[in-house]
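The lines below spell out each chain.
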Amino acid sequence: MSLVVSNLKASIDDTPILKGLNLEIPKGEVHAIMGPNGSGKSTLSKVIAGHDDYEVNGGSVTLNGEDILEMEIDERSRAGIFLAFQYPAEVPGVSNANFIRAALQARLPKGEELDAVAYYKDLYAKMDILEMDRKFTARAVNEGFSGGEKKRNEILQMMMLDPKFCILDETDSGLDIDAMKVVAKGVNSMRSSERGFLVITHYQRLLDYIQPDVVHVMADGQIVKSGGKELALELEASGYEFLKEPALA
Amino acid sequence: MSAYDLNDSAVLDDETQDAIDIDRSIGDFSFPENHKYDAGVGLTKDTVDYISGVKKEKDWIREFRHRALEVFESKPLPTNWASKDLENIDFDKIRYYLSDGQAPKRSWDDVPPEVLETFERLGVPQQERAFLAGVEAQYDSETSYSNIKEDLEKKGVIFVNSTEGLREHEEIFRPWFGKVIPTGDNKFSALNSAVFSGGSFIYVPKGLKLDAPLQAYFRINSENFGQFERTLIIADEGAEITYMEGCTAPKFETATLHSAVVELVAMKGAKIQYITVQNWSSNVFNLVTKRGVAHENAEVRWIDCNIGSRLTMKYPGVVMKGRKARGEVISIALASDGQEQDTGAKMIHAADETTSNVVSKSISLGKGRSTYRGQVHIPKNLKGCKNNTECDALLINSHSRTDTFPAITVRGNQHATQHEASVSQVSEEMLFYMQQRGISEAAAMSLAVNGFINDLAREFPMEYSVELKRLIELEMEGSVG
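Protein sequence lines, in the order shown, are assigned to chains L and S. If you're matching positions, the first sequence starts at 962 in our numbering and goes up one per residue. If you're matching positions, the second sequence starts at 570 in our numbering and goes up one per residue.
Since the hints were made in silico from the structure, they are not lab data. Since we're looking at a predicted model, the values are computed, not measured. Quick reminder that beta carbons are idealized off the backbone N, C-alpha and C, glycines included. Possibly wrong hints are sitting among the right ones.
Stated by the list, open to error - Computed footprint of chain S on chain L; a stretch qualifies when at least three of its residues, placed anywhere within it, have a C-beta under 8 Å from a C-beta of chain S:
| hint | region |
| --- | --- |
| 1 | 1051-1058 |
| 2 | 1062-1075 |
| 3 | 1145-1152 |
Given these sequences and hints, build the entire structure.
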């Protein structure tokens, strides 16, 4: 039960971005990926989720042994992959409650209806953890949301959909420290021996609140260094300068 | 669940969803024709005489028809501004009058079995029992069933078809018949005036406010046929009425023509709300003229939804004739592959302090084409008039096309008008986001489209907004993937 990325190569408009990336995240573990801008962190998350803009040129991604690269975007989601977006899209006119409900309904067998009462009970309980106002259910998805509200919404959806594997793409960007604590509380409430996490971040800060088991450094489309959570602190102190040394040599 | 969240209307909608079983193909069936009266193919003076003879009409009506035929023949098709597809209507191949010769029945038990089955499959008797004050069901040229709740009849409400309206209540209807929309308004209003049959003639007495809607259902069963119903609704001083119409036809290989004239008269302080859900099959030319007159402090609202047909041309209008009269057009159009929805609104301000509002939303799918044409007219001698026009178009892919032709004529400087138009697309990022949550592409599309029209769909009674949502979902399933 794990997410395994093997020798993954992907490009956008014929420009290679991922260049033979290897990564294994066993269930129950939280892995962080850090790295400079342009290293391919967000591309990795989108390729795993199945975004059409990227072409996979080789390698494989499996979830619990199942090849997910062959699946449609929505099938991957229903197989258990969740991506918390860095920039979540707006869906005008569709209320948050209906959106999440549609996502849950999509997971039920044909002909089976979601129990609306149980759904709202669950939704409100999770909104309380994330300190979200009840009015939020009637607002259109992400429309007119502040940066912090969007990120909380991502975490709420993650909590509601109960995925097997969660990818958080720069969830800390645009968050103040209080909002980050709330978001981290939501994520930590979901940590379990059955679920894996990939936390993509630019800054070490978030990892104070979501403590990773393993930290990877990504550069130029590959994982170039892996270590324990102390690696994040090192990076915070010395930056990514060390990555440039081979190029200078 | 309402205890948890009352704001979330769509959640409430689901409760009724199972109860109302409507889909896009539900109208696609027909029964063998069984006509006692058939005016034959093509349109001449004899056709008009035949129709008038079957109806045993008075001379003034027959003359009205004859004059209209002359006007129809003298007017060219409006292809200088409208779709060239109009040229594909072969007026010589259409049948202008078909009926089984039976008078409208007041009980479904007396309706011929195939007609009853038709309307049952369309859910009309069920809806009547559930929430309507009265129903008229038209099958080809004539009304098969017409009934109104007894207490309303006792209070003086008249709800009959056009033939009966002009024969039995001439004193009420004749003064307004053909006055809101003159015969020569356009080629198709002239055509309707020559061969009209069926439709609803309604009178609501002074001060009476109907708390449930009246409904008409227009059904085409026969091939090569033209349906030309004529509706005239008069709400006397302070009266209020909501009228709803629905329509379907089977999908034939040949073109079918539907060309109605609908006139509304709202006397002082009256309110008329006219709701249409048009779901004609994709072989129907739907060319309809609709206009209302609003007297002092009266209100006319058109709520118009066009999902079906091959070509729809329809521009509901309101003439605001009295001080503080209000006019409103709220419209939703969905143009699927091969369809053209050419719709809009006409707001004619003819008194001080009149207010009009137009909100139009169109969705173009595949090669579907939607056009908005609006006319707002405020003359120089008036003061304190207001108009608000908003038209938003949503394109689903690069082949679809949308056009907006607003014509706002405002003379004088004591008025307030505003006009907003937007065109948007369901973006790839929006779809990716929704699909990443496990929602299929088709479901994501229909969610996006339903979101786009959500604020307008709320204007429809709940039973209809559920139908609307469903029709859109079915359209999306057919057009994606």
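- Message: Taking the earlier hints as the rules, which of them does this structure contradict?
- Response: 3
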